[in-house]
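Based on the hints, put chain B in the right spot on chain A.
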Amino acid sequence: MAPEKTEEAPQPYRPYGAELKETRPYSPCRAACPAHTDVQAYVGLIAQGKYHEAFEVITAPNPIASVCSMICHHPCEQSCRRCAIDEPLAVRHLKRFAIEKSLDYRRAKRRLVKKTKGKSVGIIGSGPSGLAAARDLADFGYDVAIYERHPVLGGMLASAIPPYRLPREMLKEDIDDVISKGIEVKTNCEIGRDIKIDDLEKRHDAVLIAIGLSLSRSLPIPGVGGPGVLLAIPFLQDVAFGRKPALGKKVLVIGGGNVAMDVARTARRLGVKDVSMVCLESAEEMPAWKWEVDEALEESIKINHRWGPKAVRREGAGVKGLEVVKVKSVFDQNGRFSPSFDNDQTSLIEADTIIITIGQMSDISFLKDSVVKVDERGRVEWDPATQMSSARGVFVSGEVVTGPGSAIAAVVSGHRAALAIHLYCQGEAIEGNLPVQEKERVEQMPAEVVEKVAREPRLKIKHLAPEVRCDSMVHFEIGYDEAEALKEAGRCRGCGGGAVVDQKKCMACLTCMRVCPYGAPVVTSVSEIRPQYCQACGLCAPECPAEAISMVSYDVKEIRRSLPQVVGRVEPGRKEPLIVAFVCTHHVGVLGFDLPKNARTVPVHCTSRVDVLDLLKAVESGADGVAVVRCGDGTCKYREIAPRVNARVKRGQDLLKTLGMEPGRIELLTASTGNGGNPYATVVSDFSERIKQMGLRGVK
Amino acid sequence: MIVGSQKPIEEIWEMVRDFKKVLVFGCNTCVAICHAGGEKEAETIASLIRMRAQQEGKEMVVDHLGVMRHCEPEYFDPVMDEVRKYDLILSTACGVGVNFLSDRTGSVPVYPGINTSFYGAVEAPGSFVELCAGCGNCILHMTGGICPIARCSKTLMNGPCGGTNDGKCEVSKDIDCAWYLIVERMKQLGTLEKLSEVLPPRNWSTSRDGGPRRVSLEHIRAYEAQEGQDSGTAGGMK
Chain A
307 MAPEKTEEAP QPYRPYGAEL KETRPYSPCR AACPAHTDVQ AYVGLIAQGK YHEAFEVITA
367 PNPIASVCSM ICHHPCEQSC RRCAIDEPLA VRHLKRFAIE KSLDYRRAKR RLVKKTKGKS
427 VGIIGSGPSG LAAARDLADF GYDVAIYERH PVLGGMLASA IPPYRLPREM LKEDIDDVIS
487 KGIEVKTNCE IGRDIKIDDL EKRHDAVLIA IGLSLSRSLP IPGVGGPGVL LAIPFLQDVA
547 FGRKPALGKK VLVIGGGNVA MDVARTARRL GVKDVSMVCL ESAEEMPAWK WEVDEALEES
607 IKINHRWGPK AVRREGAGVK GLEVVKVKSV FDQNGRFSPS FDNDQTSLIE ADTIIITIGQ
667 MSDISFLKDS VVKVDERGRV EWDPATQMSS ARGVFVSGEV VTGPGSAIAA VVSGHRAALA
727 IHLYCQGEAI EGNLPVQEKE RVEQMPAEVV EKVAREPRLK IKHLAPEVRC DSMVHFEIGY
787 DEAEALKEAG RCRGCGGGAV VDQKKCMACL TCMRVCPYGA PVVTSVSEIR PQYCQACGLC
847 APECPAEAIS MVSYDVKEIR RSLPQVVGRV EPGRKEPLIV AFVCTHHVGV LGFDLPKNAR
907 TVPVHCTSRV DVLDLLKAVE SGADGVAVVR CGDGTCKYRE IAPRVNARVK RGQDLLKTLG
967 MEPGRIELLT ASTGNGGNPY ATVVSDFSER IKQMGLRGVK
Chain B
2 MIVGSQKPIE EIWEMVRDFK KVLVFGCNTC VAICHAGGEK EAETIASLIR MRAQQEGKEM
62 VVDHLGVMRH CEPEYFDPVM DEVRKYDLIL STACGVGVNF LSDRTGSVPV YPGINTSFYG
122 AVEAPGSFVE LCAGCGNCIL HMTGGICPIA RCSKTLMNGP CGGTNDGKCE VSKDIDCAWY
182 LIVERMKQLG TLEKLSEVLP PRNWSTSRDG GPRRVSLEHI RAYEAQEGQD SGTAGGMK
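Chains as they are written, first to last, in my numbering: chain A, 307 to 1006; chain B, 2 to 239.
Treat the hints with care, as some may be off.
As the list claims (entries may be wrong) - Reference excerpt, derived from the structure (chain A facing chain B, CB under 8 angstroms, subset only): (1) Met819; (2) Arg820; (3) Pro851; (4) Thr964.
Please keep in mind that the hints were generated in silico from the structure rather than gathered at the bench. Just so you know, these numbers come straight off a predicted model, no measurement behind them. Cβ coordinates follow ideal geometry from the N, Cα and C atoms, glycine included.
Extracted from the complex, chain A is given alone in its bound form (with noise of 0.2 angstroms):
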């Protein structure tokens, strides 16, 4: 159901301190990521319970998150400085949780966008790339049509990729959402067919060619024509679209990359117990992702590496097998792909049906004698600096033009498609004008830092066993769960969101370089705190005696502006102590969160970023009693944090005392597994008996 209610496009959600962190070095997660997702920020977000903000950092550059966090290759996993300590962070299973937590929410803030800009834009495909051009022009406030050829959206998200791997119901939700702005849909509209490119031109004020590569390579081998030989994408499609196509009973996979493992597990799941595989690649130099292979070895798929296709063997129609040679070596001196056979050894591979992995192209038949010029080798001619092509006015972005990637990256492209066009609407010079791809980062982390960090596995995540995922097209992760979410988040190193000093303030007094337990700040005329030392724990800020260091993520004067609203209306008669705790978020999935009803939670990313200050301001704002909730020592994450924590409270205390306060309406709490299970309830429950027996501030 479209929503009735028209907006102007919502102001994209910017977290606290968004725009220094624009100025800082991206976390290597975040500068990895094609569409530079802020990873760090939404798995911090999530460390605190908050769901909905991370799920709109996770959607902000991305338009199909849910189906990213089904199946992108996650490049900020491969990036993650935790890979120097033990194993990355679970990214992609904490973006599903994230948006699994914000179903309603996602559906309930669906609104159509007013079309401001009376000019109407085109866009040919429904995939990754299309549906992010359509997404960022409906916000520009341009009609926006879509014309696809499949009956449903989601290019090859919809037709190709199989449903064990990305559920439907989950691509639904992105395409939804970007739907609901308002953008005409023409599905079974094949442009060439039901209407020509030229003819598409008139119609809109700009055109966008994002049609993905469609259709599969085949090889020119003898026997390959006839029965038993099918290629990769029509086989898909077959099993996307519910048609079930015919396997005999051993089925061999000509191909050693992504699409080639979804074919062959996809036979697996149609029933065939005899699948294997044949590429050019050892093991080591396969495309596939290693996660892949693993998956489908223990799928009892059998991978034969280094022979390469040289005939179909057939018996009368019928296919008897593959005669393969073996493979010399894939690449030339200079890496590039170049492969070489020895034609004395060869052998024969049993199969009865062959489905030919090896690449794909673009289906671009209908551009022949349009205004869309296409090279003598088949491919569009365009200009990567206006995402234009030779036809002003028709722009093309997606893997017809970049060739295969990531889903990701063709959601990129989409963007910078999008902005062209709107640059080109407007009269605006195009060229000069899309964003940089190329981010600094955050460097990997030194030696002498690596060795402070607690260990600390990755959580796994279960799938269903083999031989019952084999069963059926079912989606075969089993997400985390609110309390493995937590912990896992809590693995994050927050960087490229720790400590940042401002400089106009900075005395170079050296507390920051004396407190640091990382050595990440350094003095010389003012402080400087590399981030690729720093850790983010935050116990720097609280000790600046200037107030000139910021924490880039979850910034300790964010906390203490939001008291007062934190606390909100002190009830004059009320019967149980208000008490503010500030907890720290790093342990909650194991915890617990669930704070008694008069508590008010701030969870902070940990009780070194609190402020005796913070404590001074809760009291101010009315609490009767404030508690600082601390993991234990055993548990902590960083490092000297106690004794400074211990500190601020005991000064808070003794600044309570000499305004004739009871000192004990501030206390530092410790919550471990021993306090029973749900620690933090009950350490933060003691206390508020403690605080009533002292009195509630102001109340007779």
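Here is chain B on its own, set in the frame of chain A:
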């Protein structure tokens, strides 16, 4: 640097209780380093005053602000229009800053938020020690780099006195005898024989008595005076 220490909140409260709009104004150099009056401590004091006002049921606006130094006008001039909107400025700078600022705030009074303690060094984080008395006539080359004026309880020029006891001062066993330290240090430097010379009575005219001291550098003043940049300090150089 100048070391300060915070005044008890009750003393501050007595100063500020009758004002409606108070600015606690921090100084981010010496007194920040000693955690007495930088921006952060200014904020702490502001919070305490607000809570004290709550307790008394008084309506009072108490804000805080910090600039790099209160002893050079260029640092606070940019915020002076804001600062003058308050009924009272509680400066948490040292006494120098309080005086200096007070001469430049017109009808708005400037009160001291901290006590100015001494010229000292950071012995260890959070620990500050007095090592110089600012007497205006340095003799540290004669005394092994240890100042008898700042560090001897009696400011003796030819010590030690009879009250020295195992290296400690008779005033308190927590105080080192400065002359004991001087002798030990000069032994180490091989210059002990210098102590056989009796130091003559000092000319104290460079020190505390005789009105405010002033240092004027002709080579710098020559140009500044020409530009008409005169002192704004009460009774200051014309």
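Verification of the supplied hints:
The closest approach between the C-beta of Met819/A and any C-beta of chain B is roughly 10 angstroms, which is over the 8 angstroms cut-off, so the hint fails. The interface hint given for Arg820/A holds, since its Cβ lies 5 angstroms from the closest Cβ of chain B, which is under the 8 angstroms cut-off. With a cut of 8 angstroms, the hint placing Pro851/A at the interface with chain B holds, because the nearest CB-to-CB distance is about 4 angstroms. Annotation: interface hint on Thr964/A holds; nearest CB of chain B at approximately 5 angstroms, less than 8 angstroms.
In this structure, the one hint that does not hold is number 1.
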